[in-house]
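There are 2 protein chains.
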Amino acid sequence: MREIADRADVALRPHVKTHKSPEIARLQHGGASGPITVSTLAEAEAFAQEGFSDITYAVPIEPGKFVRALDLARRVRLHLLTDDTAAAGALSRAASEAGVRIPIFLEVDCGDHRCGVDPGAPQAIALARQIAESPSLIFAGLLTHGGHSYAATTLEAVRRVARQERDATVEFADRLRAAGIAVPVISIGSTPTMTQAEDLSGITEIRPGNYVFFDSFQAVHGSCTFEDCALTVLAAVVHNDGKRVVVDAGAIALSKDLGPRDLDPDSGHGHVLDLEARDTGWRIGNLSQEHGEIDLPSGADAARFPVGSRLRILVNHACLTAAQHERYHVIEDGRVIAEWPISRGW
Amino acid sequence: MREIADRADVALRPHVKTHKSPEIARLQHGGASGPITVSTLAEAEAFAQEGFSDITYAVPIEPGKFVRALDLARRVRLHLLTDDTAAAGALSRAASEAGVRIPIFLEVDCGDHRCGVDPGAPQAIALARQIAESPSLIFAGLLTHGGHSYAATTLEAVRRVARQERDATVEFADRLRAAGIAVPVISIGSTPTMTQAEDLSGITEIRPGNYVFFDSFQAVHGSCTFEDCALTVLAAVVHNDGKRVVVDAGAIALSKDLGPRDLDPDSGHGHVLDLEARDTGWRIGNLSQEHGEIDLPSGADAARFPVGSRLRILVNHACLTAAQHERYHVIEDGRVIAEWPISRGW
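Heads up: the protein sequence lines correspond to chains A and B, in order.
Position one of the first sequence corresponds to residue 1 (this note's numbering), numbered consecutively onward.
Position one of the second sequence corresponds to residue 347 (this note's numbering), numbered consecutively onward.
Keep in mind that a hint or two might mislead.
In silico SDA-like cross-links for lysine to any residue, where the CA-CA straight-line distance does not exceed 25 Å [stated by the list, open to error]:
1) A:K243 with A:L275
2) A:K243 with B:T431
3) B:K589 with A:Q164
4) A:K243 with B:D417
5) B:K589 with A:A90
6) B:K589 with A:D279
7) B:K589 with B:S655
8) B:K589 with A:D167
9) B:K589 with A:G64
10) B:K589 with A:P122
11) A:K243 with B:G410
12) B:K589 with A:A151
13) A:K243 with B:Q476
14) A:K243 with A:D279
15) B:K589 with A:G111
16) A:K243 with B:A432
17) B:K589 with A:Q130
18) A:K243 with B:G457
19) B:K589 with A:G89
20) A:K243 with B:A497
21) A:K243 with B:G435
22) B:K589 with A:A126
23) A:K243 with B:A472
24) A:K243 with A:G299
25) A:K243 with B:H459
Per the computed footprint, the stretches of chain B lying under chain A, defined by three or more beta-carbons under 8 Å from a beta-carbon of chain A, are [claimed, not checked]:
26) 404-414
27) 430-438
28) 571-584
29) 592-601
30) 625-639
31) 648-662
Simulated from the structure, these hints should not be mistaken for lab results.
Glycine included, C-beta positions come from ideal geometry on N, C-alpha and C.
Bound conformation, chain A alone (with noise of 0.2 Å):
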């Protein structure tokens, strides 16, 4: 992904929330503790423990968690998100007795109806000129996430979502600016999108996540292979009865995404992998808390993983299954090298 924003010349701001891990953060960026995309203020909170000094806080901001970003912001570069024009001004008044200010993106929606402003209503630039003038915001930006290519079934579809995310700030950026507000920062992107994407011109940072570790979702959809994929969850055959194999990892080891069901209806929750990290062909079917239970495909040799054996679930949805544990161990060459912690909450 470094490369992929080398070579368009835009900022790379990894969204942290796939893994939570300072270790992991420096290692997107070479070594160093550069600018990180959070999805909640204890994440921000602890990566500037840990030496962040650049971070983007990408949930639009709400007066309930206004003290903690304020305090934050005294000590870190802290970004936050609005597409409201109540809690901008809310904001705008509690900055000021703070006596902080503090940058702010505008969110657009370019096509994912989750937040973010229309950027052809007249009320988006009303807003952006509401945060510019504002004497304790900083206008940083348009900001956008084209979480729609997601629900995208093919590559096509994913360049069309990477085309709207560009084309939806970029074409607002010039609006505004033609009304004489400046726009520091165009950021965009997805993990889908930034791997597909033909034409960043224009913008001026990238924000995926999932690419850290990819998962079964994106190998299928066409992000990566399989191969690519980082993360598994280590589990224990607990029940082997011939016919039916059961593992220790269950739905709060797993998480319950669904995965890449679309277009693979027979994906499961899960790939089991030996401990080398070969396909057996096995996928983990229904999940209860704490068990999974394999779907042996016809023929299996069953008796290959009596109760005891370690075996590897590659997983549906990285971000979701790393939320779910403490640490991670950390292989290399078939060897634990380190633990990380990860850090959760809110």
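Following the hints, complete the assembly by docking chain B onto the known chain A.
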């Protein structure tokens, strides 16, 4: 549930995987640190630390967990489970070497087809005998879980599963006793079956878990009413443009359990309640990692809850949601009267 157990003259050994909270386990026993069921050795260790001395670890034991289990068995009465001849033999040897005698249940498959021996198979009697004759194992009895009650869509179907739980174990116990093997405990139960069971004769112990909170699944399936549900997730509105409302509780805060979708296709990922726990009629639709998108009914007054409003999400599956959080905020008369930690991990 204590009344149900008292009326049937059976012991209550609640499954604390639902809450992972010693405080709540003591509430379930009227203040005592009574017998409990756990789903991980980490839970067993955490509850032992809190003074619980009679614990059943209700996932079949496998050799990779022998050291921890035998260590804990020196400090508390720890019951294990097996359905595997080789694992039982290995445990017998390991316990003997450790100088520990350990009680172990034979897990029986009463129709759930997850773990457990087929009680009609000759090997099942042979395994019971193998355990009973091991000098380092104590044959605790039979244990089953009618987890297929969660697939039942009528109360009559749930009652059928309750009968299967009872009949499969009691009839098997009769055969074991006829073969000269004493069966001290017969342990069954799930929340659906224990709220509906009509006959617990021959049963000595029940292990329901979810009833302590209940949830949307249990309410739709008839184990309780929505008013009985005790667990909600506090969420803040982060986006409201009059047509779309988004809260800061997403897949991690709520879990992606599909809940009672079999009986209520519109149940979404949770019911949206106001702070006084009144149902707004709104449902959580799409979930991303930290965003929950609300499905607004047509004509809904979105302006009721502007950005910054607090809402409570009544969840689909309380056990999975609770395991996403590090503590409970205990509410009485609208005020937080305590915070109770949640013991997570493995």
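Evaluation of the provided hints:
{"no.": "1", "hint": "A:K243 with A:L275", "verdict": "22 Å, holds"}
{"no.": "2", "hint": "A:K243 with B:T431", "verdict": "15 Å, holds"}
{"no.": "3", "hint": "B:K589 with A:Q164", "verdict": "22 Å, holds"}
{"no.": "4", "hint": "A:K243 with B:D417", "verdict": "33 Å, violated"}
{"no.": "5", "hint": "B:K589 with A:A90", "verdict": "22 Å, holds"}
{"no.": "6", "hint": "B:K589 with A:D279", "verdict": "45 Å, violated"}
{"no.": "7", "hint": "B:K589 with B:S655", "verdict": "16 Å, holds"}
{"no.": "8", "hint": "B:K589 with A:D167", "verdict": "24 Å, holds"}
{"no.": "9", "hint": "B:K589 with A:G64", "verdict": "22 Å, holds"}
{"no.": "10", "hint": "B:K589 with A:P122", "verdict": "17 Å, holds"}
{"no.": "11", "hint": "A:K243 with B:G410", "verdict": "22 Å, holds"}
{"no.": "12", "hint": "B:K589 with A:A151", "verdict": "21 Å, holds"}
{"no.": "13", "hint": "A:K243 with B:Q476", "verdict": "22 Å, holds"}
{"no.": "14", "hint": "A:K243 with A:D279", "verdict": "19 Å, holds"}
{"no.": "15", "hint": "B:K589 with A:G111", "verdict": "15 Å, holds"}
{"no.": "16", "hint": "A:K243 with B:A432", "verdict": "16 Å, holds"}
{"no.": "17", "hint": "B:K589 with A:Q130", "verdict": "22 Å, holds"}
{"no.": "18", "hint": "A:K243 with B:G457", "verdict": "15 Å, holds"}
{"no.": "19", "hint": "B:K589 with A:G89", "verdict": "21 Å, holds"}
{"no.": "20", "hint": "A:K243 with B:A497", "verdict": "21 Å, holds"}
{"no.": "21", "hint": "A:K243 with B:G435", "verdict": "21 Å, holds"}
{"no.": "22", "hint": "B:K589 with A:A126", "verdict": "19 Å, holds"}
{"no.": "23", "hint": "A:K243 with B:A472", "verdict": "19 Å, holds"}
{"no.": "24", "hint": "A:K243 with A:G299", "verdict": "10 Å, holds"}
{"no.": "25", "hint": "A:K243 with B:H459", "verdict": "10 Å, holds"}
{"no.": "26", "hint": "404-414", "verdict": "holds (count 7)"}
{"no.": "27", "hint": "430-438", "verdict": "holds (count 4)"}
{"no.": "28", "hint": "571-584", "verdict": "holds (count 3)"}
{"no.": "29", "hint": "592-601", "verdict": "holds (count 6)"}
{"no.": "30", "hint": "625-639", "verdict": "holds (count 6)"}
{"no.": "31", "hint": "648-662", "verdict": "holds (count 4)"}
Hints 4, 6, counting from the list given before, are not met by this structure.
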